[in-house]
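Here the protein sequences come in this chain order: A and B. Per the numbering used here, the first sequence runs over residues 1 to 508. Per the numbering used here, the second sequence runs over residues 1 to 145.
Keep in mind that the hints are not guaranteed to be accurate.
What the hints assert, rightly or not - Covered by chain A, per the in silico footprint, the following chain B stretches (three or more residues, Cβ under 8 Å):
| id | stretch |
| --- | --- |
| 1 | 58–70 |
| 2 | 78–86 |
| 3 | 101–115 |
| 4 | 131–137 |
Derived from the structure by calculation, the hints contain no laboratory data. The C-beta atom is built at its ideal place from N, Cα and C for all residues, glycine as well.
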Amino acid sequence: MVKVCQSTIIDAPVDEVWAILRDFNGHDRWHPAIAFSEIEGGEPVDAVGSVRHFRLNDGGELREQLLALSDKDRRLSYCLLEAPLPLMGYVASLRLKPVTDGNATFWEWRSEFQPPAHRRDELVRLVTEGIYQAGFAAVRNLLRRRSVGSPVETRPPHAMVGPTPLASMPRAVSMAAPGQAATTRAIVVERYGGPEELQFKEIGLPPPAPNEVRIRHTVIGVNFIDVYCRTGFFDLLQPPGVPGMEAAGIIEAVGSAVSGFSIGDRVAYACPPVGAYSERRNMAPELLVHLSDDIADEIAAAGLLKGVSASFLLHDVHAVKPGDIVLIHAAAGGIGQLLVQWARHLGATVIATVSSDDKARVVERLGAHHVIVYSRENFADAVMRLTGGRGADVAYDAVGNDTFAGSLAALAVRGHLVSFGQASGPIGNWDIGRFASKSLTISRPNYGHYTDTPEKLAPHVARFFQALRQGVVRVEAPTRYTLANAADAHRDLESRRTTGALVLLPKP
Amino acid sequence: MTKVYVSSVIPAPAAEVWKLVRNFNALPSWAPFVAECRIEQNAQADQIGCIRNFTLKDGGRIRERLLALSDYDLSCSYAILESPMAVENYIATLSLTPITDGNLTLAEWQAEFDCAPDREAALMHQIGHGVFQTALTALKHRFGR
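From just these sequences and the hints, can you work out the full model?
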């Protein structure tokens, strides 16, 4: 039995490092050796016993099982089930400790295994340098990119917080106190971190201000931006605060200065400020949308933010024309499904990428002309093959780190890369001089800049609802969770095993 | 039960730092607030159960019993027998862990104790900041380049 132990100091708070490492399926977002990873059988990413199946950049496939995970001790251990190398009996653990006099983190990664004698030194070196030391450096880089990367990446919220008056910002959540008349139950984030930081609590709810309405939520939308708010990657949410930017509901009180809305109106919204993960909330009505009878609450809450996004991505950021070749990543996700259907309706040839065969079937049913399972095949090569070497006119990429380089390679001359998310991590720094080799255009649209006034928002809402009514786009029945189980919704969303939209249901 | 936890990175290999801190009688040579120290009844400084009796520079006197000492884990635990701090059931552990990347040491110092509720915040600050962190900072400077 050989023992390997490596440790380092990471210059970031321990909770921030733990939020990265505790995601047993997240290692493909930071470890340079790993191309793709998924949790078998749809287990949660932090469930003891869950198995991650992952592929290395060199093609090797491995399976590892989570043996223990403690958020209290910030420690997890796992063992290897299958590997292309004889790392026999490999059991590893990693643990974090805070360094209290500098807000840094001590990270130790150790393992035991029984290599064949003639390969002992080679395998010890591989584990020590190729896995552990490379992992330390990668997490350090990930954190550096997050903190000093491009200011636009890390601080879009300043731009995203629209014209909503500060009075309605649910920044300081006042906890329910005895004697206070109104309260509501909500999901509160008291500190940035993993899904376990989504706590179901009773909080105070003051009467609506003169320029506010109070909404009783019926269905609440779950979006990847809520994950970024929870982890602190976006500072739209200041702890303690209530996450969520999309919901449908009924107006139950109206401030004295509000016109155009009455008690009993059915409404929906998809905008900051955060606060949607609650049974009831107060909100300025500028960006509220009236719901007509033929749009169900659940469809509005599952689709409005994604539908408005799809509308400006396909019409404003890049106007898709008949005959265009459109590449869409994460095509089985909430927004991906809308982009596929809508781009096809606009007359484009749609090439979609997904991570699994099940998701490929979903996307085929939606009308994608070609579907690439990117875990099995290099998608940039596949796009070139499918287009006879021409490439795509536009690529819609919300995956970020994993796909950015491939998206550039998959574009045609004068192609347009629309990078509108980073589910797999930030894209890092790129030398734009290289884009001249194909005269490429890059866009990095910010939801707020396309939707922060009623004048900007209304056309997209109208176009999306029209597309729904005409059957141009269909929003599948979303996966439902109770509001109290918001943490489960986040775990499922982050594990990338969901398709379509997720919603939270407050108890009536 | 109140808990205090403090840690620092010491710029020296763990074995080297351990040589200094394993000596239960060596506080005056590295902790800046200790004036003098002796082991009672001529016991060895690494004998489990031995008692160190030391005076602080401000005149306070403390007696502590060595509860555990591991040259394998690089850690030692002790209990306070007498002190001016009004704490009960006070047990502390000082431990070192090698940091392979750079050949440094993680030094951790933690304590658990009972006290009057209105004294808790002040004692946590006094012990965590005034004693443990101050001593670890001194240790850092001692090994500093």
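Okay, the hints, checked on the actual structure:
1. Taking a C-beta to C-beta cut-off of 8 Å, the stretch 58–70 of chain B contributes 0 residues in contact with chain A, too few for the three needed, and the coverage statement is violated.
2. Here the stretch 78–86 of chain B counts 0 residues with a CB under 8 Å from a CB of chain A, which misses the bar of 3, and the coverage is violated.
3. With a threshold of 8 Å between beta carbons, the proposed coverage of the stretch 101–115 of chain B by chain A holds, since 5 of its residues qualify and at least three are required.
4. Interface restraint, the stretch 131–137 of chain B with chain A: holds (3 residues with C-beta to C-beta distance below 8 Å; minimum three).
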